[in-house]
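If you read the protein sequences in the order shown, they are chains A and B. Residue numbers for the first sequence follow numbering that gives the first Met the number 0, beginning at 0 and rising by one. Residue numbers for the second sequence follow numbering that gives the first Met the number 0, beginning at 0 and rising by one.
Keep in mind the hints are simulated off the structure, nothing from the lab. Each statement offered as a hint is correct.
Calculated pairs, BS3-like style, for lysine-lysine (alpha carbon to alpha carbon, straight line, at most 27 Å): (1) B:Lys270 - B:Lys84; (2) B:Lys227 - B:Lys248; (3) B:Lys248 - B:Lys307; (4) B:Lys227 - A:Lys45; (5) B:Lys211 - B:Lys227; (6) A:Lys45 - B:Lys211.
All figures in this text were calculated on a predicted structure; none of them were measured in a lab.
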Amino acid sequence: MTVPLAFLDSFSGAFDFIFSQRESFGGGTQVGGLGQVWELTLEHLKVSGVALAVSLALALPLGVLLGHRRTGELFAVAAGNAGRAIPELALIALLVAFVGTGTINVAIALAVLGIPPILTNTFVGVHQVDPQAVGAARGMGMSELQIALRVELPLAVPTIMSGVRTSAINIIATATIAPLAGVLTLGDFILARNVYGDEGVLAGAILVALLALTVELTLAAVQWALTPRGLRLQRTEASA
Amino acid sequence: MRDDPRVRVLLALVAAFALAFGIAACGDDDEGDDGGGGTSANLIEENPDNNGVAVTVGSKNFDEQFILGEIYAQGLEAAGYDVSKDLNLGDETVAFKALADDEIDAYPEYTSTILTSIFDQAPEDVPGDAQQAYEDSQDEFDQLNLVAYPPTPFSSANAVGLLTTTADDLGVTTISDLEGKSQDLVLAGSPECRQRIDCLLGLEQNYGLEFKQFTPVDIGLRYEVLDKGDADLSILFTTDAQLFTDPDKYTVLEDDKHVLPAGNVLFVARKQTVDEAGPDFGDTVESVQSNLTLKVMQELNARVAVDKEKPEDVAHDYLVEFGYVE
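From just these sequences and the hints, can you work out the full model?
What follows is the structure, given as structure tokens:
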């Protein structure tokens, strides 16, 4: 009986940590509270946002190009899988050793993690667009670029966005280790246990989870807004 | 597309590659060279009375702790005790809990860590002198039914380090010398350093220093940031292998105001174990640690961190070199 009670206790301690400042574990300074939470959340969002933007800028055009030409399947899938196999902590350590610390370097390291799901999903999404729709567009006299941007891309939105969402979650979760490379994100609460105490560690975990959920829901809304109405209708009918 | 055999082959290749890479990374070479001949004065004699007395030695989860754990464990084994090892116990809260719960009988812990983390003393109250700190904490050990042995000669403490070339340019040898210069300098340290009195907070509050910037980094990168020029100053540890292998490259600034607390090691044991184990236990512990000077500890750390030798072998060589075992 004591175990679940202790669990609840540390949970309420974690929320207390989030809402009010307290003396640090080792003493000498004030930590926690909404002020610091806000500061670290902003930094977490900033580095994650830059990383996601870099991932999108690189993976989306490449995925559309390869998907449209229906070539490079090996590359798109292999890059996706190889990217997932890279240990992020090692990558960040390597980048710090060779490039330096700071937001940009960490964002690049995180982008390496964010590119694979977007690249693979964009390729697959564009690749699997109904050839008849593409044929019809071509018959109407659309250029290849128009076909890619106005037919294939919109029709691939649900698949692409699910890649973007995976990528965003990966990036936000991994940005937790950014304080080891000069960027103070919410991971600081988790990494510096001997400053924030166990309650700070738990608070950090809760905050990162909440942030990931919030971003996931936001992107789901973006996906809904971006999906062509025709596809939306199709889905509703299919599920009905 | 999912059923394309080419994709499956490729996936298998990638998986095999990742696996092979992982296995290769796990391998390590352990060529050990034996130290010099021993002197018989230190020789630990096996006492048959100790046979059957079970002692479990623990340690925390990093190289220096593994080496220390091995030295004490192998020393006690030579004295005839039935020693088992439970090294790699995580941080001090885990190790100390293991001690309190009777999972281990003893482990080496740093003076400053015991006083601040376990006895809840304010870091600024920790004496700079290890012997003083050791004597002051006797009552607290007693209340917890623990026995602590006198501190090791070496102290493993935080230190402010920089490239020797930078130190020469700035003309600094002590931390106080940074006054008036620190506002142009970038200091790197572990993330928690910011809010710790035995780290950045102490430098700010007790030395009155203000830095241009504090860059949090993984402690594994504490020399890389200096080498790369990402930071002018970095929080190092006095027992670092790099200070042994590259003594001229890096300079450690003297802590002239004694802000960074004493980090000598105390071997902490359960009182019950000590009573059962008899006098050889304490004698062996104090004897094997008596040659652990800062230079020796740096060298032992270097052999593990740089030469990739096993802590077990390095500890054995130390015991042979100083004549504890043959």
